[in-house]
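Input sequences plus hints: build the corresponding full structure.
Number of protein chains: 2
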Amino acid sequence: MEGHRLIDQALSTNTEIEEVWITNKSNKSSIGEKLLHKIDNKNIPWSITPDKIIRQISDSLNDQGIIALSPIPIYKKYNKPPLQSIYLDGVSDPGNMGTILRTAAWFGIKSVFCSSDCVDPFNSKVVRSAMGAHYYFSHFDSVLYEKLFSDLSKNTIKIVGSDISGQSIDTLDLSDSLGWCLVLGNESHGISLPVRNFITNMVTIPGTENIESLNVSVAGGILLHALTSLKVVTN
Amino acid sequence: MEGHRLIDQALSTNTEIEEVWITNKSNKSSIGEKLLHKIDNKNIPWSITPDKIIRQISDSLNDQGIIALSPIPIYKKYNKPPLQSIYLDGVSDPGNMGTILRTAAWFGIKSVFCSSDCVDPFNSKVVRSAMGAHYYFSHFDSVLYEKLFSDLSKNTIKIVGSDISGQSIDTLDLSDSLGWCLVLGNESHGISLPVRNFITNMVTIPGTENIESLNVSVAGGILLHALTSLKVVTN
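Same order as they appear, the protein sequences are chains A and B. Following this note's numbering from start to finish, the first sequence increments by one per residue and tops out at 796. Following this note's numbering from start to finish, the second sequence increments by one per residue and tops out at 796.
Everything labelled a hint here was simulated from the structure, so no lab data went into it. In this text the structure is predicted, and so the values were computed from the model without any measurement.
Note that identical chains are pooled: a pair holds if it fits in a single copy or bridges any two copies.
When the alpha-carbon atoms are kept at most 30 Å apart in a straight line, the in silico DSS-like pairs for lysine-lysine are as follows:
(1) Lys638 to Lys686
(2) Lys708 to Lys637
(3) Lys641 to Lys708
(4) Lys671 to Lys637
(5) Lys715 to Lys637
Here's what the structure looks like:
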């Protein structure tokens, strides 16, 4: 994990951190000092490290002079379909993937599934944009969509996709279902054809026609805000 | 402007394009061929250009082998306060700025104001993420917030800010006002203190407390979706 803000967020959510490396300059900054105080309080080992080394490890062009090592969390194996979940179908930009994860955690979604052609969800740019969301999920996995979607359908859980052709999200009614799975597609091509066949409710976000589409992570945020407010059978 | 998608979007919105440069490889791709067909139809001059030159001009590490030259649009001078607008207060990440502009255009917002400490809104990364939104706005300018906000207040237009301390956006009632201006703050520090004093309605997006905050462009999208659906006196 790189950067003050991400490491600070990780510390406040009891994310396991094994070790921290910090440059002399970052150590002497007020924000660095505050962070090291928290790191000391948790008995996490840290050391001053030459700028050159941090720069070599860092994936960022403008590193902030602080890097932490944290194990990849162990997630529960998928066995039964969750009432609220997200399926990412070929999301390829690491910034978008990370932002979607951050937003999912904000809205309390604990299950995120990815198609195998998504960007690596543990890519350091994804981790940076996700702001610690990786440590919030119960399920975070690549699954075969056929299995997942057929389980969801059997359990009266709607599969909601986003596409310009859909009905307005403002009129969506899920009161006859137990929950939902939101499917978000690739930045250029949208939801892939085989996955599209499983969508039970295609929705769109009403807008002007002056611009082709919304960014996928913005659309995801608007849809999650709407879906988490909707009445389903269980609430 | 760089990349197939942005240039395609620009062509479909009648954005003025003066000239296009394309690599031999991009010219021979099916997506490049389709674009050049549109470019020819509009009588825009184009030429095959060595990869090396495109790479030098490009601001992207993975350029797509196509660059277009387009003049910065001429916007109307601010004179009276618009009924719907956005004020960006120190938004510093070019990707966030561009995504907010793209979202604003999607929701039909024609007036965007920026504080002087925002990232340059014509930075090529901003232009890339904005996907042609720059050509949609009527007002797009740096203005003195004191003048803007005092004009808005005099005209019963609410100044809505986003902050964790605010009331839920789901309960916001603007039925006694003529319109609104959405203020979005800096990625780390939020809305600056002097601007904060002018906010008439501080709102938040309800979520769990597992993550510190939402990304500013995602929050902006959720708030714009909510605000553009709200009843005000004029509708």
